[in-house]
Amino acid sequence: MASNKIEVAVPAPDPDAKFVKPPRPGQSFGCDPLASANVFDDRFQHAATVWTKYEASKVAIQVSDDGKRLSVMKAMDVAIGSTQPEDFKITSSGNSYLLAEESLTLGKALLILDVRTMKMVWSFNGQGMLGMKGETVLFQCH
-5 MASNKIEVAV PAPDPDAKFV KPPRPGQSFG CDPLASANVF DDRFQHAATV WTKYEASKVA
55 IQVSDDGKRL SVMKAMDVAI GSTQPEDFKI TSSGNSYLLA EESLTLGKAL LILDVRTMKM
115 VWSFNGQGML GMKGETVLFQ CH
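According to our numbering, the sequence shown is numbered sequentially starting from -5.
Bear in mind the hints are in silico, worked out from the structure with no lab data behind them. There is no bait here: all hints are sound.
Each computed DSSO-like pair below joins lysine-lysine, with the alpha-carbon atoms no more than 27 angstroms apart:
hint	residue 1	residue 2
1	Lys113	Lys68
2	Lys102	Lys68
3	Lys83	Lys15
4	Lys12	Lys62
5	Lys62	Lys83
6	Lys68	Lys83
7	Lys113	Lys52
8	Lys(-1)	Lys113
9	Lys68	Lys127
10	Lys15	Lys52
Treat the numbers as computed from the prediction; the structure is a model and nothing was measured.
Let the hints inform the model, and build the full structure from the sequences given.
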């Protein structure tokens, strides 16, 4: 394990609270990445690698009309012709946070949206291309 801690800080101001309202069924948002990190087990190199501040994709999110699901579409996927969004089940929705999860064959993706600031964290943990992987991106939605 590395003995030196590396810390990277980026600006992430909160939006004006008077313009922020909790998401409603059917509502859509665009979200810009503020910060990102990726750690993965490289089975060929026998090493764990951490990437910080790598280029994360912008995303669009939409709450389903019944308020039970959240669709997520990455700009990088659209750029290569994909039209199938990721489908998350909303597990909790209140005046402070919206939580949603996506169960995959070899992993789990989670979304937590702070409805007071419209900041959202997306994370994935599971099997990557070269071994185990964990990835997290902090977004500002609007």
